[in-house]
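**Student:** Chains as they are written, first to last, in our numbering: chain A, 1 to 337; chain B, 1 to 337; chain C, 1 to 337; chain D, 1 to 337.
Note that these hints are calculated values from the structure, not bench results. C-beta atoms are modelled at their ideal positions from N, C-alpha and C, and glycine is treated no differently. A hint or two may mislead.
[Unchecked claim] Here are some chain D residues the structure puts well away from chain B; computed CB gaps all over 12 angstroms: (1) E51; (2) G58; (3) K116; (4) E145; (5) R247.
[To be verified] List time: in silico SDA-like cross-link candidates among lysine to any residue, alpha-carbon distance up to 25 angstroms: (6) D:K324 <-> B:E94; (7) C:K315 <-> C:S138; (8) A:K36 <-> D:I54; (9) C:K315 <-> D:I4.
There are 4 protein chains.
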Amino acid sequence: MIIIMKTGASQKQIEDVEKYLQGLGFNTHPIYGEVKTVVGAVGDKRLAKTENIIHMEGVENIVPIMSPYKLVGRELIHENSIVDAGGVPIGGKELVVMAGPCAVEDEEQLMEVAEKIKETGAKILRGGAFKPRTSPYSFQGLEEEGLKLLAKVGKATGLKIVTEVVDTRDVELVSQYVDILQVGARSMQNFKLLSECGKSDKPVLLKRGLSATIEEWLMAAEYILSAGNPNVILCERGIRTFETATRNTLDINAIPVAKELTHLPIIVDPSHATGNWRWVDAVSKASIAAGADGLMIEVHPDPSHAASDGQQSLKPEKFAQLMKALKPIAQAVDREI
Amino acid sequence: MIIIMKTGASQKQIEDVEKYLQGLGFNTHPIYGEVKTVVGAVGDKRLAKTENIIHMEGVENIVPIMSPYKLVGRELIHENSIVDAGGVPIGGKELVVMAGPCAVEDEEQLMEVAEKIKETGAKILRGGAFKPRTSPYSFQGLEEEGLKLLAKVGKATGLKIVTEVVDTRDVELVSQYVDILQVGARSMQNFKLLSECGKSDKPVLLKRGLSATIEEWLMAAEYILSAGNPNVILCERGIRTFETATRNTLDINAIPVAKELTHLPIIVDPSHATGNWRWVDAVSKASIAAGADGLMIEVHPDPSHAASDGQQSLKPEKFAQLMKALKPIAQAVDREI
Amino acid sequence: MIIIMKTGASQKQIEDVEKYLQGLGFNTHPIYGEVKTVVGAVGDKRLAKTENIIHMEGVENIVPIMSPYKLVGRELIHENSIVDAGGVPIGGKELVVMAGPCAVEDEEQLMEVAEKIKETGAKILRGGAFKPRTSPYSFQGLEEEGLKLLAKVGKATGLKIVTEVVDTRDVELVSQYVDILQVGARSMQNFKLLSECGKSDKPVLLKRGLSATIEEWLMAAEYILSAGNPNVILCERGIRTFETATRNTLDINAIPVAKELTHLPIIVDPSHATGNWRWVDAVSKASIAAGADGLMIEVHPDPSHAASDGQQSLKPEKFAQLMKALKPIAQAVDREI
Amino acid sequence: MIIIMKTGASQKQIEDVEKYLQGLGFNTHPIYGEVKTVVGAVGDKRLAKTENIIHMEGVENIVPIMSPYKLVGRELIHENSIVDAGGVPIGGKELVVMAGPCAVEDEEQLMEVAEKIKETGAKILRGGAFKPRTSPYSFQGLEEEGLKLLAKVGKATGLKIVTEVVDTRDVELVSQYVDILQVGARSMQNFKLLSECGKSDKPVLLKRGLSATIEEWLMAAEYILSAGNPNVILCERGIRTFETATRNTLDINAIPVAKELTHLPIIVDPSHATGNWRWVDAVSKASIAAGADGLMIEVHPDPSHAASDGQQSLKPEKFAQLMKALKPIAQAVDREI
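Same shape as in the complex, but just chain A (with noise of 0.2 angstroms):
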C-alpha cells in the first residue's frame, strides 16, 4: 500500500501516517519528492483496516498494491480450476452450454425444450423456478414446483439442472433438486446469499451484476469461496452502460481479464446480454472466440407466448444451427464442443 501525501503536508502528518501504519503491523518506507511525499506501507495485511487513512491530516490518497482477493485470484492457484457439476467438468478444454427457458412453465414445455437442447450436445438445462421481476406484478415463477420439475426432466433427459436461487431461505431447499445454484446479477452483492452458497455443496454460477467491476464480481465469488465452496463459475451477462439499443452491453473484455485474474471457469450469458435473439447468434461464437468457457442460453419453443423474456429466445432450430456454427469456432481456439 502506497499512501500519497498533499503537496505541503508537514512532516508531523507524514510521521503520525508512519505510526498509524506501523500500529497495524506494516513497515513503512517515505520517499520524499520534490513536491510530495508517498509513504510505501510493506506487509501484507489484507485484513487491515487502512482504508480510514484517508482522513488523516495531510493524506490525498490511498493506492492499493495488493488485489484485494486471495482465493479466486492466480497467486495461490496458477492453474484454471475444473468445477464439477454432477458430472460434468466445466472450465476444461471442453465447452459447456447450458441451454432452456427463461421460466419453467409446465412439464410439457421443459420436456420438449430439454429433449431438443440434448440432440445438440448441449448438457446443461436452465430454467428459472424462483423469478427477480422487476414488477411485482409480472410471473414470480413456480417456486418449488418448478424445482420437481426440473429434477423430474433433468432425471429423464440425464440433462444438469441449474436454476437461481434468490432468496437466503431457499438454498437449502434448491440444493436438494438441481446440480447448480445460479446466484443471479441482482444478487451478486447479496452477500448473506454468498455465504449460504458457500455453504452449499453445489457449485454456484455467479452472474456478474449490471454495474458491477470485474473486481466487485471477484470479490463476491471471494464470500463463497471464503464460507469454504470452492466450485465456483462466473457468468459475463452484459452490463450497464447508456447505450439503449441492446438490454445490456456484453462486456467481452472481461474475459480475457477474468481469464488473467482468476482461476476459475467463465461463461457468457449472451441472451440478457443482448436482449433479443437476433443478436445471440453473433455474440455466441465472439465469447467462445474470445475464450469463454461456455455459454449459457436461452431457448424456448414458442417465444411469442413464453412466460418471461420471450424477446430474447432462441427457437430450437436456431439454437441447433449455433449448436453447429460454434464447433469451428471452438476448434480455431483449440475448444471442443
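The hints should help you fit chains B, C and D onto chain A, whose structure is shown.
**Tutor:** Frame of chain A; chains B, C and D shown alone:
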C-alpha cells in the same frame, strides 16, 4: 401500448398482432403510415403479458404508454405522502435529518454521536448493525448486539432509529428494535426482501440501486406498497458512472423527477453520493435546494478510526456547522429544519 | 410519430396537437384510451421540426417511429456496401486488417513495421501524423512530415494508408497523401469535420465516439454521406463505461446491431477497445467471429519506447501470430483473411 | 510516480525499470515488499514519456502522483480566478447568469428575449449562431448573420454576448462579434479548437464533454491556458449515464470537486443537464447552493416554436420567477445575484 411494425410488415402480420392483443383483452387501432404501420392497443392491462409480442413476425418495437407502477404513482394519490416514523413526519414542510455512524461499533461511540446530533436538530439516528461489505474480510457489523445498542441509545435520547436489513430472515428481528427499516442500494432489487419489508408495520427507507433507473427504483417501491406497506421513503445515494473522482455521482435531477412521478418522500444521502466528507457540505445544500425532504449523513466522532466508511464521515462539529448552514437554504425553498 | 398525451389532457389540448401536426403536413389519428390518449402522425417528415411538441400543453412524450437517418440505413440500400480503399475492398468476403504504430515517429520505424505487417497479409498501414492527445504536453505528431513518411512507405510497400485528420483545415492536405481519412472517436460529433470529409473523394473511417449511441454514430455517418461521400467505414473502438480494469469496453453487440441497421462496413479497433496488448488477441478473434469486416490494430517494433499508446501495441511477432490464428475463425464465419 | 512490479518480478526486471527511469532524469527508490516490489520515481517530470513503462517486463501498473495539469491547478494559483467578460466579472462574489435562446432565429425574437432577461438581472445573452446538431437535416444556425444579430442586440441592451464556436476556421470571426467564446460539450476534446481559442483575447466558456472525467475537462482547459489565454470559465452541463428519464445527469458533485482542484470559475447549464424545462428550476437552485459561480439557462419566448431545444427552454416569465427565487439561496451561501 403501441406496437410498431417493421417496414414491409404484411397485412397478415399486422392482423396477427391485432388478434393477439384482442386475445389479451385490448381494443386495437392500427394506423397505416406511408412506410410503417403502428397498432395502438387500448385498455389498462398492466398485468397483461405483452412483452413477448416483440417476438411476433413483423414486429419492430413495443412502446408502453402507461407507467408500470400504480401505487407509487401520482395517478391515484395526487398529494405528497407524509410518512410517520415513530412520530417524526417525513415528507412534510419540516425537513428530516438522519445522522450517525456508518456502523455501530460500541455503546459509548453511539451515545456520543447520538447526543451530538440531537443538539443540532437531527431527529433520527442511523447506524449499521448488519453491514453489506464488498469484501468478506471486512467488518460485517455487530448484528443483534448492534440492534440492541441502537434501541438503547434511541430510548435514552428520544431519537428515532433507522438501520439496514439485508436478509429476509432478519426483517422481523430488526423490526422489533428500530423505527425505520433501511433497504440498501445493493438490495434494491432483492425482491424477496422488498416483499418481507412490505409485510412489516415499520416504514421502509429504500435506497436507489447503484445502476437503477428512476423507474426501476419506483418499481422496487411498488413491491413494498403492493405487499401492504404504504410507508416508503426514497433515498437517492448516487449512481455509478464513468467518473472516478467521486465514489458515486449524485443524481440531483432525480429529485425533481421523482417528485413529479411519485407521492412518496425522497431524501438524499450525500455521504455515499460523494464518498468524501469534504464534498458533503456542498451537495447537502444542493439537495435541500433541489427539493429533497431530508438528508441521511454519516457522522463519526473519530473518522480515522471508524470501522467502516470513515473517509466519508463528518466529525460532529462539521455536522453542526452544516445543520446551521442548511437553515437559510430550507427557508429559501419554503421548508423548515 | 406518436404523441402521448398526459393523463387528463383536455380535448382542446389534443386538438391543438393535431392542428400543429397537420400544419407540418402530417395526417393525424388520435386513439382515445381509457386513461390516456395518443395521437398518431402519419407522413415521412424526417425534416419536420417536431421536437418542440413536447412543450405543448397536455403533451407527455413523443415517440419517433422512423429512424432519423436515410442514406446509411437499409431501407434504400439493402445489400452490404463495399468500400474501395485505393483498390482494397472493405466490406466484402475478404476481411481487411489495418495495422501500424499509434503515431508516426520516423521513417525507419515506419518502414520496419510496414514490411512486417505486409508479410502477415495486412493490406493497410495505419499511423498517426496528427495526434489528438489529452495533454497539451504530450507528443502531438509529426504533422505534414508524418504524412510524407506515410505516403513514401505506402508507395514503397504497396500498402494503402489510413491516418487521422483532426482539423477542418487539414482535410484537403491529408487527402493528398493517404487512401483513407480517419475521423477519431473524439471528433465523431465534429460536424464541420464530417462535412469536410463528406466533400473529399477519399473513403472515411469513422470511429465511434466514447459515449456515442449506435444511432448517433450512424447519424455522424449520415453527415458524410449527405455531403456527397458514400464511402464510410464504421469502426467500433470501445465505449466508456464504469469498468476501470480496461481502457474502454468493446461493445461487441454493436457489430450485429450495426449490421442490421446499416449497409456500411464495420471494423473493430481492439487496441483502443482494451487499452492493453495482452487482451488484443482475444477480442480480435471475438470481433471476427461476431461478423466484423476487419480490424485496426496497433503494432510497434519497440512498444516500451513508443511515442504514444505503447501499452496497447503488439510487437510484430505477436501480430503475425494473431493474423495466423484469425484464419480459422474467419473461415468458420464464411470469410477470408 | 510509483511503478508497481508484478508478483515474482525478477531483480533484473526491477533494475531495468530503475535504469529506464533514471534515463528520464528520475531518482528511484525501490521498496521491496513481502510479495511485490514498488519503485518510487522522484522528480517533477510531467513531460517525461513514462506511459510505456507498462510495457516493460515485470511491470504491473503505474501510479501517477502528480496531477497532469499545471496551469489550471491550485498549486501555482491558490486564489479563485475572476474572469472579466467585457466588464462582467465571473467567479467573484456576484453570481453571473447567462440566458437566451438555444439558437438565434431572428432579430425580433432575440431582442424580445434580451430585454426580458435583462430586467431580471441577467448580464449575459446566450444564443447559438453555429449549431452542432446530431442530424445533418436539423437547423444548423444562422452563422455570421446570427453573430451580427447577437452583436447588435448586445449593443442595444448592454448585455454581454456568449456564443459557441465549432470550427477552428471561425474562431477569429466569432471573436470579433462576441464577448465570450463557447466551446461546446462535443468539442471539449477538439484540441485544435482549444488551441485556437487559447490564442484569442476573448474568455472561453468550456463545457464539459458528455463522457469527460473532471480530469479530462481540466486538461482541456489546460490546452487553452497553455496556449496563452488564462480566461477560462468551466461549465458543467450534465454527463451521459444509463438514466433515460433525463437527457443528461447533472454531476452536482463536480462543483465542489472542481472548486477544490482548480482556481477557474465554474457555472452550470441546467437546461442541457436535465433536458426538460420542468426540472430547470430545482437544479438551478441546487447548483447555486452547491457553490457554482453562475448559470447558463435557455430562455425562449415561444418554446413550442423554437428552432432548437424548445423542450428545455424556459418562458421569460418562468425565468423571471427563477431569478427571484435564486436570491435567498445565493445569500445563504454568501453570494449575490
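**Student:** Kindly indicate which numbered hints from before are broken by the structure, ordering the numbers from low to high.
**Tutor:** Failing hint: just 5.
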